[in-house]
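One-letter residues, chain by chain:
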Amino acid sequence: MGTRRYILGKVAQAFLTLAFVMVFNFFLFRIIPGDPAALLLRGTSAFNPDNLAEVRAELGLDKPLPQQFLTYVKNTVTLTFGQSFFLRGQEVKEVIAGRIWPTILLVGTSTIASAAIGLIIGIYGGWRHGSRFDVGSQGFTLFVYAMPEFWFGILVLMAFAGGVGPFPAIFPAGGYDTIGADLTGFAHVADVLNHLALPWFVLTVAYLGEYALIMRNSLIDVMNDDYVMTARAKGVREKQILWRHVVPNAMLPTFTLVLLSLGFIFGGAITIEYVFSYPGLGLLTVQAIDTKDFPLLQGLFLLFSAAVIVANLVADISYSYLDPRVRAG
Amino acid sequence: MRPPEALPTYEGGPVSGTELEPGPPPEVPRNPRAIAWTRRRLSAARVWKTYRKNKLGMLGLYVLIFFALVAIFAPLLADEQGLHATCPCNGEPFSPPSAEFPLGTDNFGRSVLTLTIWGSRISLAVGLLATAISMLIGSFIGIVAGYRGRTTESVLMRLTDWFLVIPFLPLAIVLASVLGRSLGVIVLVIGVTSWPGTARIVRAQVLSVKTRPYVERSRALGASGWHLNTRHILPNVGPLIFANTILTVAIAILSESTLAFLGLGDPLSISWGTILDFAFSAGAAYAGQWWWIVPPGLAIVFVVLAFTLCGFALDEILNPKLRER
Numbered sequence: 000m001g002t003r004r005y006i007l008g009k010v011a012q013a014f015l016t017l018a019f020v021m022v023f024n025f026f027l028f029r030i031i032p033g034d035p036a037a038l039l040l041r042g043t044s045a046f047n048p049d050n051l052a053e054v055r056a057e058l059g060l061d062k063p064l065p066q067q068f069l070t071y072v073k074n075t076v077t078l079t080f081g082q083s084f085f086l087r088g089q090e091v092k093e094v095i096a097g098r099i100w101p102t103i104l105l106v107g108t109s110t111i112a113s114a115a116i117g118l119i120i121g122i123y124g125g126w127r128h129g130s131r132f133d134v135g136s137q138g139f140t141l142f143v144y145a146m147p148e149f150w151f152g153i154l155v156l157m158a159f160a161g162g163v164g165p166f167p168a169i170f171p172a173g174g175y176d177t178i179g180a181d182l183t184g185f186a187h188v189a190d191v192l193n194h195l196a197l198p199w200f201v202l203t204v205a206y207l208g209e210y211a212l213i214m215r216n217s218l219i220d221v222m223n224d225d226y227v228m229t230a231r232a233k234g235v236r237e238k239q240i241l242w243r244h245v246v247p248n249a250m251l252p253t254f255t256l257v258l259l260s261l262g263f264i265f266g267g268a269i270t271i272e273y274v275f276s277y278p279g280l281g282l283l284t285v286q287a288i289d290t291k292d293f294p295l296l297q298g299l300f301l302l303f304s305a306a307v308i309v310a311n312l313v314a315d316i317s318y319s320y321l322d323p324r325v326r327a328g
Numbered sequence: 000m001r002p003p004e005a006l007p008t009y010e011g012g013p014v015s016g017t018e019l020e021p022g023p024p025p026e027v028p029r030n031p032r033a034i035a036w037t038r039r040r041l042s043a044a045r046v047w048k049t050y051r052k053n054k055l056g057m058l059g060l061y062v063l064i065f066f067a068l069v070a071i072f073a074p075l076l077a078d079e080q081g082l083h084a085t086c087p088c089n090g091e092p093f094s095p096p097s098a099e100f101p102l103g104t105d106n107f108g109r110s111v112l113t114l115t116i117w118g119s120r121i122s123l124a125v126g127l128l129a130t131a132i133s134m135l136i137g138s139f140i141g142i143v144a145g146y147r148g149r150t151t152e153s154v155l156m157r158l159t160d161w162f163l164v165i166p167f168l169p170l171a172i173v174l175a176s177v178l179g180r181s182l183g184v185i186v187l188v189i190g191v192t193s194w195p196g197t198a199r200i201v202r203a204q205v206l207s208v209k210t211r212p213y214v215e216r217s218r219a220l221g222a223s224g225w226h227l228n229t230r231h232i233l234p235n236v237g238p239l240i241f242a243n244t245i246l247t248v249a250i251a252i253l254s255e256s257t258l259a260f261l262g263l264g265d266p267l268s269i270s271w272g273t274i275l276d277f278a279f280s281a282g283a284a285y286a287g288q289w290w291w292i293v294p295p296g297l298a299i300v301f302v303v304l305a306f307t308l309c310g311f312a313l314d315e316i317l318n319p320k321l322r323e324r
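Quick mapping for you: the protein sequence lines, in order, are chains A and B.
Under numbering that gives the first Met the number 0, read the first sequence as residues 0 to 328, first letter to last.
Under numbering that gives the first Met the number 0, read the second sequence as residues 0 to 324, first letter to last.
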């Protein structure tokens with residue numbers, strides 16, 4: 000199979016998946032028990048039949064289902080998700096756009112950090128597998144895997160922002176920057192980084208185990224390949240074997256994992272953002288849950304899913320360039 | 000027609016049980032059903048013998064037994080009245096650990112120890128039930144796809160891929176907030192979002208089992224699809240499903256705690272996740288009330304760790320891919 004055909008096939012698959020998510024999303028928000036219009040107005044003074052009909056018309060719920068679906072598809076393609084239920088007068092699109100950068104900053108930098116640290120741990124652990132370092136890092140990985148990340152976040156928050164026992168409260172308890180401080184230039188950057196520190200640390204620790212594990216296992220696989228034995232027989236130095244022969248070949252799965260985790264750059268820190276009241280898309284999701292803001296939730300869900308689908312596609316395509324066997328198979 | 004098991008084959012039977020220590024020869028079973036059961040009993044004994052040698056696996060098993068006992072005997076360990084905010088047995092709100100309340104109290108003065116003990120019931124029950132749903136869907140789709148092949152397979156596998164790609168937590172959040180807050184919804188949501196991995200593993204195993212000679216022989220003898228699936232394919236895929244189940248429970252318990260923490264759990268039933276939700280919402284982290292936060296979290300960590308260790312140990316024995324190494 001040629002490269003072009005392989006890529007086209009993958010792109011087509013990604014579009015199909017996106018279409019599936021869209022259809023799924025449409026029906027998901029129409030199985031809500033009860034009337035969305037009633038849900039919206041309940042508890043407000045505007046809860047009467049006239050208003051109900053008006054809101055229903057506004058949401059397009061009075062039209063037949065196929066027509067609703069067409070409107071939905073048109074709106075989704077043009078990224079119009081309508082107005083947020085509870086942040087009245089604001090477009091879902093704008094609400095999301097306002098929260099996107101803090102999340103990219105937080106999740107993006109911690110993904111890079113956890114991948115880099117995890118890689119190094121994985122390389123040392125795999126190269127000397129069975130050593131004390133390896134067993135220790137494996138145990139750590141397992142423990143972090145079993146730990147709900149939000150719980151770890153609360154513990155870190157309590158220790159370094161609340162201050163417990165011997166721990167000093169040295170970091171701010173949450174937010175993106177100090178509200179009302181009106182800092183500019185370097186002082187503002189420092190302030191933002193100061194707020195970023197704790198959630199960044201939690202996310203980095205929570206995810207580095209995964210990278211370490213993948214790198215370790217693929218390193219061990221590669222170490223047993225024939226060409227490594229050849230290199231050894233030629234008298235290549237151990238250090239040279241590791242960094243020139245083994246690591247580059249063992250990088251593939253880790254590289255894919257990094258690309259795949261970029262798909263979670265928007266939706267990957269929902270609980271951590273909530274714990275640290277970090278005003279990104281994750282905290283927005285929790286606020287949407289609390290206020291039953293379905294249009295907002297719908298938009299966020301589509302964004303999160305689309306990011307993962309795109310990341311999968313990118314991973315597939317770049318993998319085929321890095322490892323020609325994939326294209327052939 | 001008679002089931003093909005009636006044929007006097009000794010495939011994997013007592014005769015081939017070379018790993019067992021020599022002893023009195025096993026009694027000769029009288030009918031085909033007895034042969035099958037003897038065979039299964041012996042292979043279960045073999046698995047247990049290998050499992051016992053896995054130290055981490057045994058550690059996980061002990062921890063699980065401990066938590067299972069706590070959940071079963073919760074009424075004996077702590078008074079259920081202690082779960083109510085108005086119980087006269089409650090102490091001062093937010094009091095740190097003391098002789099009377101070994102793990103301190105929460106904002107209503109309830110004993111955190113009582114909450115954690117009773118929370119084990121909901122957390123474990125939700126984890127197990129959600130896993131059961133996930134396994135049913137996953138195994139069914141995997142077996143049907145693997146056995147039927149052709150269009151059925153491609154449609155089902157495409158569906159599986161879709162569910163695999165949709166990010167789990169956002170999907171679960173959306174489903175749970177659309178369907179409302181109750182335990183049933185949580186179970187259902189975790190169940191219907193966590194099956195794709197199982198479906199893929201099961202399908203792969205079915206594909207390899209269905210081409211084996213004894214399945215072909217059975218088909219040649221006129222066995223129906225139902226018979227082939229329930230008598231030959233399912234028993235061979237079963238162990239793998241079992242190992243996968245144990246690992247899925249760990250994920251389901253973690254998912255329950257996450258959804259509950261985000262405020263999607265049933266507010267009336269106390270699980271480890273809802274305790275953490277209450278504690279965080281009440282500002283326990285800022286007030287430094289560690290006794291309210293540490294116990295339920297540690298309980299989650301231990302249970303998830305234990306299930307994972309058991310799952311890995313079983314996987315090593317039962318997963319054909321790992322066994323070859």
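Because the hints were derived from the structure by calculation, they are not lab data.
All C-beta atoms in this analysis are idealised placements derived from N, C-alpha and C, irrespective of residue type, glycine included.
There may be inaccurate statements among the hints.
[Stated by the list, open to error] Label-pair ranges, simulated between beta-carbon atoms:
| no. | chain 1 | residue 1 | chain 2 | residue 2 | range |
| --- | --- | --- | --- | --- | --- |
| 1 | A | Val-309 | B | Val-154 | 36 to 46 Å |
| 2 | A | Asn-216 | B | Ala-131 | 51 to 61 Å |
| 3 | B | Arg-147 | A | Pro-65 | 39 to 49 Å |
[Claimed, not checked] Away from chain B, derived, C-beta distances all over 12 Å, residues of chain A:
| no. | residue |
| --- | --- |
| 4 | Thr-16 |
| 5 | Thr-77 |
| 6 | Gly-107 |
| 7 | Met-146 |
| 8 | Glu-148 |
| 9 | Lys-291 |
| 10 | Phe-300 |
| 11 | Asn-311 |
| 12 | Leu-312 |
Each hint tested on the structure:
1. Against the hinted window of 36 to 46 Å, the Cβ-Cβ separation of A/Val-309 and B/Val-154 comes to about 24 Å, which falls outside the hint.
2. Our hint of 51 to 61 Å for A/Asn-216 and B/Ala-131 is violated, since their Cβ atoms are close to 30 Å apart.
3. At roughly 32 Å, the beta carbons of B/Arg-147 and A/Pro-65 sit outside the given window of 39 to 49 Å.
4. Chain B draws A/Thr-16 into its interface by the beta-carbon criterion, the shortest separation being 6 Å against a cut-off of 12 Å.
5. The claim that A/Thr-77 is not at the interface with chain B holds, since no C-beta of that chain comes within 12 Å of its own (minimum 22 Å).
6. The beta carbon of A/Gly-107 sits about 17 Å from the closest Cβ of chain B, which is more than 12 Å, so the claim that it is off the interface holds.
7. Not every CB of chain B is more than 12 Å from the CB of A/Met-146 (nearest about 5 Å), against its label as outside the interface.
8. At roughly 8 Å, the least C-beta separation between A/Glu-148 and chain B is not larger than 12 Å, which violates its mark as non-interface.
9. With a least beta-carbon separation of about 7 Å from chain B, A/Lys-291 fails to lie farther than 12 Å from that chain, contradicting its non-interface assignment.
10. With a least CB separation of 5 Å from chain B, A/Phe-300 falls inside the 12 Å interface cut-off, contrary to its annotation.
11. With a closest Cβ-Cβ approach of about 6 Å to chain B, A/Asn-311 is found to fall inside the 12 Å limit, against its non-interface label.
12. Chain B draws A/Leu-312 into its interface by the beta-carbon criterion, the shortest separation being 10 Å against a cut-off of 12 Å.
In this structure, the hints that do not hold are numbers 1, 2, 3, 4, 7, 8, 9, 10, 11 and 12, in rising order.
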